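Peer 1: Sequence:
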Amino acid sequence: MKICRISKAFFPVIDGAANHVLELSRQQSLKGHEVWILQPHKINLCDLPKKLRILRIRMPVPSNYVYKSNVVKLFFNIMATTRIILLHLTNHLDLIHAHGDIFESFCQGIIGRVLHIPIILTIHGGINQKRFYLFLARYIFKLPNHIIVTGDTVKQQLLNIGLSDSKVSVISSGVNLDEFQHRDQPLKIMKSSLGLAEFDKVIVSVGRLHPVKGFEYLIKAFKSLKNRHDRACLVIIGDGPEKDNLIGLVDQESRIIFTGEKKKKQVVDYLLCADIFVLASVSMTSQEEGTPTAVMEAMSAGLPVIVTDSGSTKYLIRDGENGLIVPQRDIVALKEAIELLLENDNLRTRMGFANQRVAKSKDWSVISESVLKIYVNLIKG
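Our numbering puts the first residue of the sequence shown at 400, with every later residue one more than the last.
I should point out that these hints are in silico values taken from the structure, not numbers from a laboratory.
Keep in mind the model is a prediction, meaning the values are calculated, not measured.
With a straight-line Cα cutoff of 27 angstroms, these simulated DSSO-like cross-link-like pairs (lysine-lysine) come out:
1) Lys779 / Lys566
2) Lys529 / Lys554
3) Lys401 / Lys449
4) Lys449 / Lys662
5) Lys759 / Lys664
6) Lys430 / Lys401
7) Lys661 / Lys619
8) Lys772 / Lys541
9) Lys467 / Lys441
10) Lys600 / Lys662
Whenever a hint applies, use it, and build me the whole structure from the sequences.
Peer 2: The structure is reproduced here in structure tokens:
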């Protein structure tokens, strides 16, 4: 099968969507399919399968503007359509798989119809709930042949604007379970690098420093624990526009560490030395969580997980069995959940084992097979 994939999210930007695009493409090419990725960044990736080719769509502005400007997003997608035409003329593509939202749906949906090639769109987060956006989405999201979303909440949003149930599938991102079988750094050395003692409790949260991730509420909840749990430490991994505001909430005695953005292997090491994972996401009018990769990676690392009732993350967690679900923006409930796990070693261990069992169904080899089944059904027509 010859697959063309389009994504504005790609390395060197490190986020869930970029990782999803690369890992799905890698799995498909390892299974013998030819995959082309069209993306806007100048990259240098090694160890790629022979049948995976990464092509750059050159932009008249720095490539990071594709995340900031709707005009640049539209320009990127228009330029991608011209490259798709050339690829199809020389390679006879079987399918186009776009990752994004309304811009990708519009541009690639039209070019798919012109070239008579099936189009799949993957939406990685919740759709914008502003009235004008929903009006456009009602029509534009009907252009692709099929839509994949990463969580049940997002599927319901699409059904609410008139898409049929058969047109939308829920397939989350995946994880590479092999990465969690051993740590590159021993536990003692890893904690020492953070200035911690071997028996200190580590709470970790991973994500872009953006309001939708709810780090403000996590920091406030953790600070309220200080008097009773002075050997606990909160480690926040990631970078983003809220960094300065969040650092402003932290005092020197609060035992909160910002590591900045880290490479994948380093994130795995942090997860493997942690005791609890927390993601305090909140729902916003313009954005909502799908099923964050960071949560599934924490589950793969055998961590108990605390999440909020925002987005689709709650569908991964059975409250009280493999994690705890708290109301979003509820600092007291978040504090109490963290406290419960800090004080109960057996509960943490039991939840961690349960999460490792759940994570087996999220390995990229399993996820890629689910996506390929949709491809085959579309091509058969």
